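Residue 289 in this note's numbering sits at position 36 of the sequence shown, with consecutive numbering throughout.
Treat the hints with care, since some could be wrong.
Now the in silico label distances, taken between C-beta atoms and shown as ranges [to be verified]:
{"hint": "1", "residue 1": "ASP323", "residue 2": "LYS287", "range": "32 to 40 Å"}
{"hint": "2", "residue 1": "HIS339", "residue 2": "ASP271", "range": "24 to 32 Å"}
{"hint": "3", "residue 1": "PRO336", "residue 2": "ASP271", "range": "28 to 36 Å"}
{"hint": "4", "residue 1": "ASP341", "residue 2": "TYR272", "range": "31 to 39 Å"}
{"hint": "5", "residue 1": "HIS317", "residue 2": "ASP291", "range": "20 to 28 Å"}
{"hint": "6", "residue 1": "LEU275", "residue 2": "GLN340", "range": "27 to 35 Å"}
{"hint": "7", "residue 1": "GLU303", "residue 2": "ASP271", "range": "38 to 46 Å"}
{"hint": "8", "residue 1": "VAL304", "residue 2": "ILE276", "range": "19 to 27 Å"}
{"hint": "9", "residue 1": "GLU273", "residue 2": "SER316", "range": "21 to 29 Å"}
Hints listed in this document are in silico derivations from the structure and should not be mistaken for laboratory results.
These numbers come from a predicted model, not from an experiment.
Heads up, the beta-carbon is just placed ideally off N, CA and C, and yes, glycines get one too.
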Amino acid sequence: MTKEKTCGFGTAAPEATDYEVLIFRPYPLKVGQKITIDGGPRGGDWLVIEVGERKMKLKCPISHREVEWDRFCTFVTGKHDEPWPHQD
254 MTKEKTCGFG
264 TAAPEATDYE
274 VLIFRPYPLK
284 VGQKITIDGG
294 PRGGDWLVIE
304 VGERKMKLKC
314 PISHREVEWD
324 RFCTFVTGKH
334 DEPWPHQD
């Protein structure tokens, strides 16, 4: 009998693997953090102004535009003394 693994969308029998699996974890953002999203349509500098269980609210430090999105951020790297907001 094979042991089944549970995923977010149900259960599946484990497979033999000869490929790389990339692991993503949601980052536990905190109000007041300065973040830079590198690439994509949401790319740029943002200030975290609200964090909920499923949503987050960010504010652009240049235009002061506020947006609310589903939480999607994953942590890549942290840098001290990084210029923020970035100047293009």
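Just to be sure I understand the hint, the distance between the Cβ atoms of ASP323 and LYS287 should be within 32 to 40 Å; is that true here? Between ASP323 and LYS287, where Cβ atoms are some 20 Å apart, the hint is violated.
Kindly confirm whether 31 to 39 Å is satisfied by the beta carbon distance between ASP341 and TYR272. Since ASP341 and TYR272 have Cβ atoms about 38 Å apart, the given range 31 to 39 Å holds.
Could you say whether the range 24 to 32 Å given as a hint is met by the Cβ separation of HIS339 and ASP271? 41 Å, violated
Holds or violated: 21 to 29 Å for the Cβ distance of GLU273 and SER316? The hint (21 to 29 Å, Cβ to Cβ) is violated, given that GLU273 and SER316 are roughly 39 Å apart.
CB of PRO336 to CB of ASP271, is that within 28 to 36 Å? Since the Cβ atoms of PRO336 and ASP271 sit about 43 Å apart, the hinted range of 28 to 36 Å is violated.
Holds or violated: 38 to 46 Å for the Cβ distance of GLU303 and ASP271? For GLU303 and ASP271 the Cβ distance comes to about 43 Å; the hint holds.
Do LEU275 and GLN340 keep their Cβ atoms within the hinted range of 27 to 35 Å? Taking Cβ atoms as reference, LEU275 and GLN340 lie about 32 Å apart, which means the hint holds.
Starting from the range 19 to 27 Å, see whether the pair VAL304 and ILE276 falls in it by beta-carbon distance. 22 Å, holds
Status of the given 20 to 28 Å range, CB of ASP291 versus CB of HIS317: 22 Å, holds
In the structure shown, a violation is registered for the earlier hints numbered 1, 2, 3, 9, in ascending order.
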